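The task is to assemble the complex, starting from two chains supplied on their own in separate frames and drawing on the hints.
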Amino acid sequence: MAAWDLSVTVEDLGPDAPPIVISVTSDLHIGRVILDVVQKTQLQRDWSDHALWWEQKQQWLLRTAWTLEKCGIHADAKLVLTPQHKPLQLGLPNGVTVRLCACFSRAVFHTVVEICKVLNIRHPEELSLLRPVEVKKKKKDKDHVQNIYDLTDVSLTSDSIPCLYNGMPVHFTDSPKAEDIYKMLSMCQPSPSPEALAKMYRPASIVDKTHIHTRWLDSSRTLMQQGVQQDDTLWLRFKYNTFYDLEPKYDAVRLTQLYEQARWAILLEDIDCTEEEMMLFGALQYHISKLAQSESQNRVSGIEDLDCALQSLELKLEGDKSGTTDMIENMTAPELNDYLKIFRPKRLTLKGYKQYWFKFKDTSISYYKNQEERFGEPIQQLNLKGSDVSPDVNVAGQKFCIKLLIPAPEGMNELYLRCEDEQQYSQWMAACRLGSKGLTLADSSFQREKKSIQSFLSMQRSNSGDQSAQTSENINTFSLLSPRYQKKYKAKQLTPRILDSYQNVARLSMTEAILKFLQIWQALPDFGISYFMVRFKGSRKDEVLGIANNRLIRIDLGVGDVVKTWRYSNMRQWNVNWDIRQVAIEFDGNINMAFGCVTADCKIVHEYIGGYIFMSTRGRDRSDTLNEELFHKLTGGHEVL
Amino acid sequence: DNDLDALMADLMADLDATEKLAAEKKAAAKDPHPTLENLHLPSPDHASVPAPPLPPAHRASSVPVPTPVPTSAPAPAPSSSTNPPSAENEEQAKADKIKLALEKLKEAKVKKLVVKVEMTNGSSKTLMVDERQTVRDVLDNLFEKTHCDCNVDWCLYETNPELQTERGFEDHENLVEPLSAWTRDSENKVLFREQEDKYAVFKNPQNFYLWKKDKKALKDMKDKDKELLLEENFCGSSIIVPDLEGALYLKEDGKKSWKQRYFLLRASGIYYVPKGKTKTSRDLVSLVNFDNVNVYYAKEYKAKYKAPTDFCFILKHPQIQKESQYIKYLCCDDHRAMTLWVTGIRVAKVSKAPISSPLTPRTRISRGPTAHCVVFSTGSRCTRTTRLTQPLPPPPLMDVLPPPPPDPVMPPPPPLPNKGGLPPPPPPSSVTKNRGGALPPAPVEDFPPPPPLDDGELPPDFMPPPPPAAGVGFYLHGGEALPPPPPDPVGLPLAPPPPGPPPPPPPPPPVGAPAPRPVLPAKREGPAPPKRTTPGLSAPSGGDFMSELMVAMQKKRVQQ
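Chains H and X are the protein sequences, given in the same order. In this text, residue positions in the first sequence follow our numbering: the first is 1, and each later residue adds one. In this text, residue positions in the second sequence follow our numbering: the first is 1, and each later residue adds one.
Only chain X is shown next, with the shape it has when bound in the complex (with noise of 0.2 Å):
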């Protein structure tokens, strides 16, 4: 700091010479502009004095910055017709200058902030958190520092005492302007648990997609017709969202009572049906959207607010942090219910992902079923048969969710293990007269016997960690990045890290993140994330982070 201290005192005796130069030159008719501003960082407090920078502790440091006045940047146009090529070299020189520190500024503006994490036996962590950090990559280094097992469930969770409310985190948000929206007196926290609804659209999608279903239908869907699911939902040019429906209670604005009204979950929002209408999409009226608004659990709210059951979800801003006519209070009949609306309206909000760049745009449109076998009988003569039969063995899929490695440098597939020549498939089971001739193209590879941990049941550490180098994971991403199992039986999670690519730079130091305690170096559980990439070089606002994925599972398909 000491070094940027100095650069800045230099910095501002050459802007002042520039200006006084300018200014002379310069026609007097011009308002006279301030030559210095004090430029505020972006504190939660919106501090509107130029205010000494703040004890170090809990809140970015908010350095005063002089701003150089618009008309320094292009001084050195005018005067360098006039000046001795000596002076010109000076000005290069000064621009240089100006260059540096500006690039010294805009690091020191990326707001960091000290979170103090709670772990599940009730002691907490303390990191620094920057603001270009996605919450992933915060887990990715909580389990550095710590010996849990690195299963999917794990997550970041926000409560809020006040509301009695809680939220999980979503992989890809941003940690930082969340908790920049909580008072200077907050109770809230962060914690560090194992969270079973995290992933569970992925594990058991049947359950929000045919949620019409009876339980044992459900209950026994197999595998390949799970990641049939997933795949028609999320694997299309939209994100389909369940489409839910049913009566829930809601809380009327600014009022005690609780009224029943049938809503409809859309991706455009939620809809309730009003009196006296039918479900006709037309007729529905828009309760809310979801462009600024997200959804947490509310606990016991049967006795803060006399709610029918403890069910209770809201919806709200994420800055509301007290008791507001604004939030929506919802109110389901159990907590299958209330599971499915915060499953189903997270996925919603998923959908609503911008689109990406036209360079990177969705190739792949809905593709309906996939992993048929398609035999012929002839029938007799009035009766044609098309046959059906048991699928293949899906591509081989580990998991419901194997995380795409989004790393844009991708490594060419290696080749596909099916030079053995495993034997196809076993014939389909369909009786006799199949016509020689008329077996349409099954799919072309022979696949590899189903990976060793396909099984039926997904215990809930089932999956193995996603590999940190994705720096990415696949928790209601921005879309794309869910799940289309990757149908290359290599990139499964067990794989070893793909030899190919050159690994990204490593991550920066933690500035001054102090570890709490000293930790021992050795066993670290699961794969080791080596290969982290730079939060600042991946995704360098969140946003393009999303194309950058997409680009990098297109290629992977285009590679296939």
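Next up, chain H with everything else stripped away, as it sits in the complex (with noise of 0.2 Å):
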């Protein structure tokens, strides 16, 4: 068989080096190419990741057995000789960016797949990569370099999943630097400036939701054929919204990734919601923030064996009801005696506050005239369970009342209870907080709701006051909510109304809180859709398609409301026509419907489509194993068949 020259470029060999020209037949097999080109290199190293890349048919040449006439190379074929693992820089969904190893020789999907086993995030075909939003780099921000995590050394040993040491995966115990990028992984960002916050993106318009899902990836084709190249930054984000079987136990990472999507979401508007469900998120993005301070904290002081111990122990004093200092404990209550002003608000009178003697005792609330009567009948009595508390507090004013709200057979009986100070304000605030939950001051909440009380306080004088005098421990309230609220009311107008969504939920731990977070965005109306611009046939004009987990959405572009929803369950088929980039799609009852992409490309939406129905058909065999196959045959288009 007659010989023939074929030049390879090898990329440890430098940019600017000639290729290497070797003599082959064409029933040479690939793998002898590559030893013949790493053998003329003379150099040392492992070579073991390295394959041929053929430049013109943008593909690799993995199959090292197949001779060089079965993969159709001829002698000006243009191969680079390239590793397949390449540094990636990667925006994670808190916005940091770590710079990893990615596969760039398989599908997306496998890429994804090897990426979230570095990271430890569980079902990783809930995620893909997609193309950055360009940022026009301003001169002033040069000098502003982000820190870049680096995990390109981690090494996975084996296949199976990696096991926990210390709580955290094995892989990232080796090095400080390494057990800091898994501390910045799985614990919540601080939140972000209001200042940084306005200046972000956030889509306008409906239409604008649709630009960010032109950006994925093709899952079934590798990166080096999308035209990433190395060092280049793409995003990792959570793309189908349906999250399987997250355990607090195994998903930290997963768990704490997905928070910060979400909060990111909440806080650019991605997804709309009400004032009320705003004020419920800030005040869980306030207690989750303060968790991972105090946890932070306590780890760089190493007092976290203590602090579990103690938590322990106080566990266990909970749990032992049956010892008689307990209940002893639990039938005499503390109680709370001071004096404190009362003022309740009637018809056509102006009557100030007038001063008392008031115990709180169990949920109730007695006053007397004065110290001396305390042990006489009180001027009356009145439980708090289920009443409605709120705070009425003016800090700059020295102004502390309470405002409540209590039920009775004729209606709700307003009254305002005005404290001397903070600390007496603190205190009562959570004896009646606990009180309209039915708890005494004998729960072991009692101290953290004055503490939280307190904090708030304290947030909303530093808002009042000089901006300059915010510490890093403080949270400034506008962190917490979208910019729109910024320009709508004052800081000391919404402190209070955080606060007071807060109170439901001081008492959640941070996987509560995080689930909780996660739980109310999936409650939300618009949740999980993801907007594609589409033309439907036989229409005239562009139109918004909507995809969610479990049915596509037609929505009217001018108005913004649904024109008319389809359900997966009635699906019968769905075909895409490559060749005029049209979808569709036949339901039950011979409902037929089509449409061609606007902006996305036609593989995105197919993809999206059938992504779905892969997640649907997650464990139903029950085994943990990912199902990469059925996942291609469902998204991938023509090219896998």
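In short, the hints are calculated from the structure, not lab data. Please read all numbers here as calculations on a predicted model, not as lab measurements. Beta carbons are placed, not taken as given, at the ideal position from N, Cα and C, and that holds for glycine. A hint or two may mislead.
[Stated by the list, open to error] Beta-carbon label-pair distances, calculated as ranges: (1) X:S286 / H:E629: 46 to 52 Å; (2) H:G95 / X:K277: 50 to 56 Å; (3) X:K259 / H:G352: 33 to 39 Å; (4) X:T309 / H:D588: 34 to 40 Å; (5) H:Q293 / X:S286: 30 to 36 Å; (6) H:T565 / X:E118: 41 to 47 Å; (7) H:D338 / X:S286: 33 to 39 Å; (8) H:T565 / X:E196: 25 to 31 Å; (9) H:N592 / X:K279: 41 to 47 Å; (10) X:K259 / H:D338: 53 to 59 Å; (11) X:E90 / H:K369: 40 to 46 Å.
Below you can see the structure in the form of structure tokens.
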């Protein structure tokens, strides 16, 4: 067989080095070609990850047993010998960028699986990669260099699920640096500054919301085939809004990143919510970042173990109710006693506050004419259970009032309690809060409640005072809400509203708070809908197609109203005509619809629908193995067949 | 009670003794504590004087309880160092006695009400309800006492003649608490009756979740689609609230006029669109959230309040018993709208149930469509077809909501009856071109034939009564209790109770529950309800109940 010359560029020799030319025959195996080339370079290194990339055809030659002839390679082919894994800058949902080695030679779906294994995120099928939104670099920002965490050295030893050591996956325990990265991955990031938040891009309309989805990479092709270069930046995001089997025990990173993605979606108005909901989201963020702060402080000072021990002790004490002392304590709940002022607004009366001696016991407030009469009959006793407690506070004006709405057969009794100072206020407010939930002062959350009220007061103080007084420990109210509220309200208007919501969540643990956040996020009416600009067959105008985990939604572009909904459960089949880039879907009852994609690639839409069908098949065979083949069948398009 | 009194006397003597001892030791600087105080039981009327025990008529018996002062508890500690060992023993004995007495006190503290329940035929039954019992427990009790058919529509209803309202208690609610809110002279009643709307959302979820569709489509809904809807909306990490919206009339605060507004229901509350604004979420104004209110059907408000129609409902704090500006009065155009809204609000209330302890997180988050068998056919060169064929017969579903056995002591699921190797479901009807290898894995099991009862239409008493062993209904339960139809075909209500679990301790003898009239012991209908768990054990405070249920469900899932 005739020999001919094949030129192969070896990346490791540097960008300017001439290609290496070897003499080959057409029946030579790819593996042999690589070996010959490597020998010619005379470089000593590990070549095991290298493979040949055929530039003209934009494809990898990964089957080393195939001959040149079988691959269809002739003398004019430009081949490159290059590593299959290259470093990539990866923007995580929490806004942090990590640098890690990603696979450039297999389908993106698999690349994501590998990345998630390194990051310790389960169920990688829910995530994917997308191209970042270009940020116009201003010269001013140049000196601002973002801290990039390097994970390129991390090597996974086995294919199995990484086992935990010290609560961390083993591959993060090698060095303190790696441990820091794990902490970054699994702990919530501090809230952004309101200024930074205001500068960030927010979609203003449903059309804007379609843009982000045009950026997803094709899961069935490799990074290299999609023009991604070494050290390019890509974003890793949760793509399919159906989160399977969230398990706080194993999902520290997954939960945190999911929370971060949800939080940014709320802050940047990717998903709309009402003011009341926004306040609750704000309160949860506040709570979570407070907990994260204290947790990281504990870690630094090494009190962690002590803290754990204390906590378990507390649990033990709470659990062990049979002890005599506990029982006595239970029956003799502590009380609060003090002089407070009371005011009952009644129609047409302008009576001011009157001072009485107050006693808080169990869930009730009683008041007496003065301290001496406290053993007699109270003037009134009010059971706070089920009542509405809200703050009426102005720190600057030294006004510390508690507004109570106490249910009674005739309606709600409205009254105000006025406290002298912050100390008194936080105590009585905490007591009222617990009382309204039917809890006594003996409840373990009393101290926590008190503390959180105090921290909120201090937040209000720093907001109303000069801005420079803010310390890192304080969290700005505006960091917790979408920038819209910066314009609409003053901080001192918002703080009490967040505090109001906060009382309902203050007792949650970190994980509970994150789960709660995700739960409310998922309960929003618009949750989980990805928007695409399409043109329906037979229609002359552009419309929006919403793809959710169980349905497709046709949305009028002008009004934003839902025109029609189709559920996957009624879907019989869907076809893609790749020549005219049209998706046609048939539903039960001979309902047919077809649309062409206007902005996004047709493949992205196809993959989304197929992806959701795939997600719904999970868990039925009860094995945890990921059925990659099925995913590609459902989402691949014609290339796979 | 004599026993208790004797003990109490004993205790008080002891306490006095210890008190003196302790007082001597303590520095006089301290505020002299009153040695004895009267602790009143939480009784609905805020009696403030140490009242003599009320006649054991209608209310909880309120025994004035001497409360040991905090100092008496640690008393043994300071004294033990100085006292001889014999005294130590004495102290120990005293402590034991105190403990015993306190336990008795605790039991005595449990509030009990004697409740008169009116039957459909106008007669009434009287039962003792203790504050730890849920409505479900009381219903089970009533099933035993009456000859009703025990179907799932039976419920306890509260009526308020003054407000002309009524409301079905949810199965997971406690009965004593709402009843304690009634005024002394209240004419409110508790009724025991069948109410179709109790489970309507599970029987026909499409009527609520797909309410925008036309009536025919809703009526022709297939069972597997209903099941899918339930799974989507109730089995995810959060319960999805029906996306109701529409024009309703609102009676303005303190005024007589009714004003029409456009309302939307969300998990976080009821909102309306302010004048001149759109339905955008951030513009909505909150009318009410569901933290402290219940929803009630209102009767004949056309006459009472000049409402536009008689299809009204109100939202109020359960304690409010009379007309008040704190009640929200709403009026719908027709009966269907009223049922939609009231049911939607009930779902929303349940969806707010607190998330459970971190140990029992919800594992399943929305799954999307389930039973699809996906088949590919090779299309022509340029066309690729992904074909969804007839879904497999869904995991056999008796009815829309077989209650998951919530007994935490779950027996391992009996082996699935697929040994016989029933032929897999008929191959998808899609024609010819299927490539052999292209079949994605179908669900692993061959499903047994659908249970005989699997009808399209659901007659009202279609569902067998919930197994009382559960101690739980599936009536809008705090969330997860709801429906995920156990895919495990054996968990069906018809199946005999699983043999495995040790029966929970028998219920405590209903203290003094007077059998109103001798009931013939025979002829209990429906499955025998032998194993009711003691309410006190299964639901110590009512709150933990849900998490237990969840643990059970999770176990079940794992076992599958």
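These are the hints, each one checked on the structure:
1. In this structure the supplied range 46 to 52 Å holds for S286 (chain X) paired with E629 (chain H), their Cβ-Cβ distance being about 49 Å.
2. Between G95 (chain H) and K277 (chain X) the Cβ separation comes to about 33 Å, which falls outside the hinted range of 50 to 56 Å.
3. Checked against the given bound of 33 to 39 Å, the beta carbons of K259 (chain X) and G352 (chain H), roughly 36 Å apart, stay inside it.
4. Between T309 (chain X) and D588 (chain H) the CB atoms are about 36 Å apart, so this pair conforms to the stated range of 34 to 40 Å.
5. With their beta carbons about 31 Å apart, Q293 (chain H) and S286 (chain X) fall inside the hinted range of 30 to 36 Å.
6. The hint said 41 to 47 Å for the Cβ distance between T565 (chain H) and E118 (chain X), and at roughly 45 Å that hint holds.
7. As the Cβ distance of D338 (chain H) to S286 (chain X) is approximately 34 Å, the hint placing it in 33 to 39 Å holds.
8. Between T565 (chain H) and E196 (chain X) the beta carbons are some 28 Å apart, a value that agrees with the proposed interval 25 to 31 Å.
9. A hinted range of 41 to 47 Å is violated for the C-beta pair N592 (chain H) and K279 (chain X), which are about 30 Å apart.
10. Checked against the hint of 53 to 59 Å, the C-beta distance between K259 (chain X) and D338 (chain H) comes to roughly 45 Å, which is inconsistent with it.
11. Between E90 (chain X) and K369 (chain H) the CB atoms are about 44 Å apart, so this pair conforms to the stated range of 40 to 46 Å.
Going down the numbered hints, you'll see the structure goes against 2, 9, 10, while the others check out.
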